[in-house]
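Chain by chain, the residues run as shown.
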Amino acid sequence: MSAKTQTGKWALSPDRCFDANPVQRKLAHRIYATVQDLPIVSPHGHVSPALLSDPNARFGSPADLFIIPDHYVYRLLYSRGINLADLGVPTRKGPVEGADHRKIWQVFAENFYLFRGTPTGLWLADELTSVFGVDEKLNGANAQAIYDHLERQLAQPEFSPRALFKRFNIEVLCTTDAASDTLAEHKSLRAEGITNVRPTFRPDAVINLEAENWSKNIEKLAEVSGYEIDSYATFIRALQERRAFFKMMGATSTDQAALDPYTERLPEDKAEKIFIRALRGKLKEDDAARFMAHMIIEMARMSTEDGLVMQLHAGSFRNHNAGLFAEYGTDKGADIPVQVEWTHNLYNLLNEFGNDPRLTLILFGLDESTYSRELAPLAGHYPAVLLGPPWWFHDSVNGMVRYLDQVTETASLYNTSGFNDDTRAFVSIPARHDVWRRVTSNWLAGLVNKGLIDLADALEMAQDTSYRLAKRAYRLE
Amino acid sequence: MSAKTQTGKWALSPDRCFDANPVQRKLAHRIYATVQDLPIVSPHGHVSPALLSDPNARFGSPADLFIIPDHYVYRLLYSRGINLADLGVPTRKGPVEGADHRKIWQVFAENFYLFRGTPTGLWLADELTSVFGVDEKLNGANAQAIYDHLERQLAQPEFSPRALFKRFNIEVLCTTDAASDTLAEHKSLRAEGITNVRPTFRPDAVINLEAENWSKNIEKLAEVSGYEIDSYATFIRALQERRAFFKMMGATSTDQAALDPYTERLPEDKAEKIFIRALRGKLKEDDAARFMAHMIIEMARMSTEDGLVMQLHAGSFRNHNAGLFAEYGTDKGADIPVQVEWTHNLYNLLNEFGNDPRLTLILFGLDESTYSRELAPLAGHYPAVLLGPPWWFHDSVNGMVRYLDQVTETASLYNTSGFNDDTRAFVSIPARHDVWRRVTSNWLAGLVNKGLIDLADALEMAQDTSYRLAKRAYRLE
Amino acid sequence: MSAKTQTGKWALSPDRCFDANPVQRKLAHRIYATVQDLPIVSPHGHVSPALLSDPNARFGSPADLFIIPDHYVYRLLYSRGINLADLGVPTRKGPVEGADHRKIWQVFAENFYLFRGTPTGLWLADELTSVFGVDEKLNGANAQAIYDHLERQLAQPEFSPRALFKRFNIEVLCTTDAASDTLAEHKSLRAEGITNVRPTFRPDAVINLEAENWSKNIEKLAEVSGYEIDSYATFIRALQERRAFFKMMGATSTDQAALDPYTERLPEDKAEKIFIRALRGKLKEDDAARFMAHMIIEMARMSTEDGLVMQLHAGSFRNHNAGLFAEYGTDKGADIPVQVEWTHNLYNLLNEFGNDPRLTLILFGLDESTYSRELAPLAGHYPAVLLGPPWWFHDSVNGMVRYLDQVTETASLYNTSGFNDDTRAFVSIPARHDVWRRVTSNWLAGLVNKGLIDLADALEMAQDTSYRLAKRAYRLE
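Chains as they are written, first to last, in our numbering: chain A, 2 to 478; chain B, 2 to 478; chain C, 2 to 478.
What the hints contain is simulated information worked out from the structure, not anything from laboratory work.
Mixed in with the good hints there might be a few duds.
Note that the list lumps identical chains together, so a pair holds whenever it fits in one copy or between two copies.
[Stated by the list, open to error] With a straight-line Cα cutoff of 30 Å, these simulated DSS-like cross-link-like pairs (lysine-lysine) come out:
id	residue 1	residue 2
1	Lys104	Lys10
2	Lys221	Lys94
3	Lys188	Lys217
4	Lys274	Lys167
5	Lys27	Lys10
6	Lys283	Lys167
7	Lys271	Lys472
8	Lys248	Lys472
9	Lys104	Lys221
10	Lys472	Lys274
Quick caveat, the model's predicted, so the values are computed rather than measured.
Next comes chain A alone, as it looks inside the complex (with noise of 0.2 Å):
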């Protein structure tokens, strides 16, 4: 993941992301040296604020930190034959029991060459020299010093996650929490006087009708809340209500998920008819979609009344491995994406809220042939509308260029949302951001050189999709 340099020391590249021409590459490291070192805005992610409320929270072991908890690192493990189990990920059960994590750094070790040329392999490149000085790349005849060198780190108050937070020049960091959570930890970060680790209202547990234990999630809906939950009514006041208890706590947005972005008002009297069939259990065949495309439109109605931006994220088939999913639980490397319409599935929502300047609605969505034939010309049409980053799988360097590429001639760089790393990897959130403004920078040299732009507009786009365009559009500024 790297070429080496002359002393054959593992290290990355200075020229990494850019092109090889050198006319281009010079380019790319001037317009890159005015970004490079930009506080980082992140903020929509999966970090959890465990680790930054509690002062004394640890990464746990090389394998905690890397591996175990990481979907990214270990489907592709999985994906060549070794079992999950042999990597330590905890079971629907709980955590793997005497788990040797040595054994598990060992197998990943011996498989880093399936990383070769992937976004994941160049995050761990970046992780393991930038961050915790690893000067050769791993294998499986190294693997245990590196680990020594890793849990030695670890070891050290330097490298707590508060410590990072600090020396990573993170300026806002942005956390995704269940609509019922209590946000105990956000709360003890603002007891401190600590207010740039934000929540985000993710009301998909209770949306979503189909959703496991969703019952539960109603209760517990309710116990935070306060309202007795018992109509469609109450369950969109207790909902309104945690969106201020969000908002207070710092939130500046919600995200929700559809596998499919339809959207539809549905009368009231015909909600409150499938809420109840929900409550009792008795759910027809398609009310959960059609429950679902309503709120979507509820939740954009919700944030023109009270300024939450709207994040909705599209098209990933969740736990498309049954028995995997029976023994695992989710998010285990098993969500394959699906074809997703955008056009004639917003046309309700933006029908309704699309021209109102008080809502903010960034999409996400993982089917790239949406990009330049649906995405960009709804951004570029809608005031309302935002794209989001290349999210997931194309969260990478290929995945940057497409976007680019397809999306911006259409819709203006203007009607983007910079770039946020949707990490649940602390770690690796400098990682991402810097693969981001890299690639973002050799584009915009490559802008310059073909006379598409002047290095005066490059320079300015250059620090808007780097940090400006992420603040202005979770206005957090």
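Following the hints, position chains B and C against chain A.
Showing chains B and C alone in chain A's frame:
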């Protein structure tokens, strides 16, 4: 939108659209030099013939020329929250009374940064610098001075439409005209002996039974054709008569649009029944869609008889923003593409006429995922099928590269129809053709440099795609 | 299709498929030098085994070799209005009597410009220059002289199929053979001790209940298997017996095609009922589709038992041109791709066998929008799934680049199956593998230059993708 020259003046880079690699750039220049000054063949577009039939026609103010009629321009301003009213865009009731064109220009100038890296930005820069000699990049500070300059220029006879037509070296320009149009402007052009402005037969308003004002459109068609249209048979006869009239007025092609290119031949009596229901205002649910599916085949049939080239544009969901449509009408930047299927949908048409040497059917789409999957294989097999150039949003530097890379390996360049500008902005015509000539020259240079073709081939292909293929495809030779 | 050498002779550029940037080109050469001469592993294709089983087999005339049997070639001529009859393409009734092969060659030569920039053009140039020593670019003027030259060459023993097999350095070649094939040629090859020409089991003609002549195919299957096929159970037994026989004759894999890769397990009695209806010629509407959906799973089940690797090719609408099909039959250049959905469609198969370490399922598609969206995520998760190389139209320079860029970041190179040429044109085999080796070498050079992998990784990946991955995937080690 340019590299500044050494004197600090705003000017387009002479290297624009070419790769930065010096070997590649040099060869691209060499190829481009052979096509740069070829006459412009513009076989499809939306310029008003009135601009050219009236020798005294003028463009109006700078806002009239660049902003008010061009949805490519104002949609981006709208997407950032600027009202169409503040841009002088006419509503259905008519032009904005007393619109302050200097104020409109000021808003445009202050937001000119939105166009960075967009094709519209590139064309505007070319028009302002090359056509009008503006030498400072437009911004809020210099907006009024540039307005003054443009106003002075536009008052000169050298900036009349006819003078620019000559200056632009346009060999032939085809307009787009409703089936019921009297072609009064085309008649007077021909009366003057001007035969290189030609009409194109566009029957959408009468073959789409759900078109706004369909009954009135039919009445108008009856009037101009001299047929009483009281049956499907007389409707067909009227269309045929109009096609003959258009042909007499110089037309060599027809054009029609469909959300979905589904084709199906209806039995005569079925077509008759649907048409009668339409006349009576009593359409059944699928009537309009099935009639359209049938009429696409009928248009192909007529083309085999009268030799008019058939164009089919598919995949735009028109007037997606219903509120805006109600107030402002069509073509307001709110047309959003959708997924399109060609293979199944064109089956019936192609099985009837795809092997017919008399038919030329030029296909245009907005769903780029169909380039390599459906369109190139269809064009690479059926004698009747050609592919039109990248359409609308994809008439851009990257859009052209994607098209060339995804289409030509399978279809061969020789199953494409060269370039057309499809513009309603007359002054943008040279800029648009220039981008095509530059991008294709650079692309051909790439093929030579990669050893995939030799220079002799490249030079011929450049002539072909810049000039000859359009003439051949549209039977303008 | 080449840069002329300084002597003015037609020759392929030694830099073909490499970027013009000198740094990149140099590194591409360095990588390519390590794989250029590796033996060819050709695990999937359509070469007739008769070419190799008969020591005296010859290729016939230049038209027999290059034009008449190759729909890649004549479809482009057809698309420009040249009749298949004038190209000597046999109809269903048999070969064209008294076809003038010199005239066919003349037409081909005069239209050779159509292949500019196409993969077929690149292969033809490689075959003509590298294999047959033609040193002038083919055109109408030199057509007959080149025909003479080729005729002389083809008469030499060095140009027999067996001699070229050796010269081409083919380590192993797999053919594709109907389930009911007696494998007579393979038997005689093995009798001679030739074990590197292997059959592949292709059951399409018997598992697709709507296949042309299905009943006859079943009779033939019964005959060769020795089973009376009067029930679903005997049908399955016959298939299993044939698979065992193919395996004995050297097969390591199966292959099947589906318009749509939908999979669904039918209960035994349901499958039985459908099969009986098929035997009686009384299929109901969905019978064939559901039986196919079931049989795809059954083929996977059999693979887990007998270890044959399973290939699935989806997404080609066969014989789109009904008139041509009626006269000429299958494989006439009229197969047009359609959209394909993999995520939902393979759900049932993958949930039954996707985690089974005994299964290798290699997927091939023509809908490139599924590369990054569905295929790479599936291969990057399920242990059983590998991705086949770019198929058919996409077996081209740009098609390979798109594949590599869109697949490998998510799936990892190590979940792909290397290259296969899939050709029926034996003489094109080295040209096709060479394009792959060049394009991947250049792509790997790009990753190194962009600092995403180091040279050591690149060199290993080059060996892997040119040679080792195909052997591993197809169990040819």
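Intra- versus inter-copy proximity for Lys167 and Lys274 (alpha-carbon distance at most 30 Å) = Classified as neither: same-chain Cα gap 50 Å, cross-chain 69 Å, threshold 30 Å.
Could you figure out if Lys27 and Lys10 sit no more than 30 Å apart (CA to CA) within one copy, between two copies, both or neither?
-> both (24 Å within a copy, 24 Å between copies)
At most 30 Å between C-alpha atoms: does Lys104 with Lys221 qualify within a copy, between copies, both, or neither?
-> neither (40 Å within a copy, 55 Å between copies)
Evaluate Lys188 and Lys217 at a C-alpha cut-off of 30 Å and name the case that applies: within, between, both or neither.
-> within (24 Å within a copy, 66 Å between copies)
How would you label the pair Lys104, Lys10 (within, between, both, or neither) given a Cα cut-off of 30 Å?
-> Within. Shortest intra-copy distance 25 Å satisfies the 30 Å Cα cut-off; inter-copy 61 Å does not.
With identical chains treated as interchangeable, where does the CA-CA distance between Lys271 and Lys472 reach 30 Å or less: within a copy, between copies, both, or neither?
-> neither (39 Å within a copy, 59 Å between copies)
When no copy is named, should Lys248 and Lys472 be tagged within, between, both, or neither for a Cα gap of at most 30 Å?
-> within (16 Å within a copy, 58 Å between copies)
Same-copy or cross-copy closeness of Lys472 to Lys274 [CA-CA at most 30 Å] | The answer is neither: 40 Å in one copy and 60 Å across copies each exceed 30 Å.
Give the relationship of Lys221 and Lys94 under a CA distance limit of 30 Å: within one copy only, between copies only, both, or neither.
-> Answer is within; shortest intra-copy Cα gap is 22 Å, inter-copy 55 Å.
Go through the copies and call it for Lys283 and Lys167: within, between, both or neither, with a Cα cutoff of 30 Å.
-> Answer is neither: 51 Å inside a copy and 70 Å across each miss the 30 Å cutoff.
In summary, the numbered hints that this structure violates are 4, 6, 7, 9 and 10.
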